[in-house]
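So the sequences go chain by chain: A and B. To convert, count from 1 in the first sequence and add 28; that's my numbering. To convert, count from 1 in the second sequence and add 1401; that's my numbering.
Derived from the structure by calculation, the hints contain no laboratory data. Backbone N, C-alpha and C fix where the C-beta goes; we use that ideal spot for every residue, glycine too. A couple of the hints might just be wrong.
Below are the BS3-like pairs computed for lysine-lysine, each with C-alpha atoms no more than 27 angstroms apart in a straight line [what the hints assert, rightly or not]: (1) Lys137(A) with Lys1442(B); (2) Lys1421(B) with Lys31(A); (3) Lys97(A) with Lys80(A); (4) Lys1467(B) with Lys1442(B); (5) Lys97(A) with Lys31(A).
Label pairs and their in silico Cβ distance ranges [as the list claims (entries may be wrong)]: (6) Thr1418(B) with Pro35(A): 37 to 45 angstroms; (7) Gly1462(B) with Asn58(A): 40 to 48 angstroms; (8) Lys80(A) with Gly1462(B): 29 to 37 angstroms; (9) Lys82(A) with His1486(B): 18 to 26 angstroms; (10) Lys82(A) with Ser1474(B): 37 to 45 angstroms; (11) Cys1414(B) with Gln44(A): 43 to 51 angstroms; (12) Tyr1500(B) with Asn85(A): 23 to 31 angstroms; (13) Ser1484(B) with Thr84(A): 47 to 55 angstroms; (14) Asn1452(B) with Asn120(A): 33 to 41 angstroms.
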Amino acid sequence: LAKTTQPISMDSYEGQEVNITCSHNNIATNDYITWYQQFPSQGPRFIIQGYKTKVTNEVASLFIPADRKSSTLSLPRVSLSDTAVYYCLVNNNAGNMLTFGGGTRLMVKP
Amino acid sequence: GAVVSQHPSWVICKSGTSVKIECRSLDFQATTMFWYRQFPKQSLMLMATSNEGSKATYEQGVEKDKFLINHASLTLSTLTVTSAHPEDSSFYICSARPYGSPKGNEQFFGPGTRLTVL
Chain A
29 LAKTTQPISM DSYEGQEVNI TCSHNNIATN DYITWYQQFP SQGPRFIIQG
79 YKTKVTNEVA SLFIPADRKS STLSLPRVSL SDTAVYYCLV NNNAGNMLTF
129 GGGTRLMVKP
Chain B
1402 GAVVSQHPSW VICKSGTSVK IECRSLDFQA TTMFWYRQFP KQSLMLMATS
1452 NEGSKATYEQ GVEKDKFLIN HASLTLSTLT VTSAHPEDSS FYICSARPYG
1502 SPKGNEQFFG PGTRLTVL
């Protein structure tokens, strides 16, 4: 399983755009990149998933360069309620279990 | 859609007792469910993979006789912490993979169960 590396923590202010980068140098050809959000004492919540280039949904955008060895989760105009831990995961579509890395603890300040 | 529930949401028990945690997929069938454990300010650690109608597969270091997993139906998996001790106090989270999902890695997580062993 490809290992992921993310910053341990990030601070931001309300209204700013936040970009969290994840490194996954050993990503395999069949691997997808998925981001989850977790609030304290809650289960993780799916944010976005991508394979290459750019993916956008109503919550976030995911940028993946051509070599796919990293990815960047972009949260537009964060609010206080976006304060959470964000996990980057890499796994294939074969139904294997998900392996969570350390995650990035985002703190949004007023 | 794709809602996973856990019961109870929190439980406090005495050392030496057993506690059962239920994980249910409410609006879909799940042939595979996963159980995770999360200690404060740490990441989720996979404990076991539970397949309907078969024995669970445990991760290295997880005692199968202590953490009993039963996946008797396509919508229910249970985790029983037997002879619980204070070091078993943790946040237990399950996830479920929808049966027949075209996305093999799609999983939906439950809200978690906070276990405190006194």
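Between Lys97(A) and Lys80(A), does the CA-CA distance stay at or below 27 angstroms? The given pair, whose Cα atoms are some 10 angstroms apart, holds under the 27 angstroms limit.
Would you mind confirming whether the straight-line C-alpha gap from Lys97(A) to Lys31(A) stays at or under 27 angstroms? With Cα atoms ~11 angstroms apart, Lys97(A) and Lys31(A) stay inside 27 angstroms; holds.
Assess, step by step, whether the Cα of Lys1421(B) is no farther than 27 angstroms from the Cα of Lys31(A), and give holds or violated. violated, 33 angstroms
Please check whether Asn1452(B) and Asn120(A) have a Cβ separation lying inside 33 to 41 angstroms. For Asn120(A) against Asn1452(B), whose Cβ atoms are near 18 angstroms apart, the range 33 to 41 angstroms is violated.
27 angstroms Cα cutoff - pair Lys1467(B), Lys1442(B): Distance ~24 angstroms between Lys1467(B) and Lys1442(B) Cα, so the pair holds.
For the hint 18 to 26 angstroms, verify it against the beta carbon of Lys82(A) and that of His1486(B). violated, 48 angstroms
So does Ser1484(B) sit 47 to 55 angstroms from Thr84(A), Cβ to Cβ? holds, 49 angstroms
For the pair Gly1462(B) and Asn58(A), does the Cβ-Cβ distance stay inside 40 to 48 angstroms? At roughly 28 angstroms between Cβ atoms, Asn58(A) and Gly1462(B) fall outside 40 to 48 angstroms, so the hint is violated.
State, for the Cβ atoms of Cys1414(B) and Gln44(A), whether the hinted interval 43 to 51 angstroms holds or is violated. With a Cβ separation near 44 angstroms, Cys1414(B) and Gln44(A) satisfy 43 to 51 angstroms, so the hint holds.
Can you tell me whether the CB distance of Lys82(A) to Ser1474(B) sits inside 37 to 45 angstroms? Distance hint for Lys82(A), Ser1474(B) holds at roughly 40 angstroms.
Could you see if the CB distance from Thr1418(B) to Pro35(A) stays within 37 to 45 angstroms? Distance hint for Thr1418(B), Pro35(A) holds at roughly 41 angstroms.
So if I understand the rule, the pair passes when the alpha-carbon distance is 27 angstroms or less; does Lys137(A) with Lys1442(B) pass? Holds - the C-alpha atoms of Lys1442(B) and Lys137(A) are around 20 angstroms apart, at most 27 angstroms.
In this structure, the earlier hints numbered 2, 7, 9 and 14 are contradicted, and the remaining ones agree with it.
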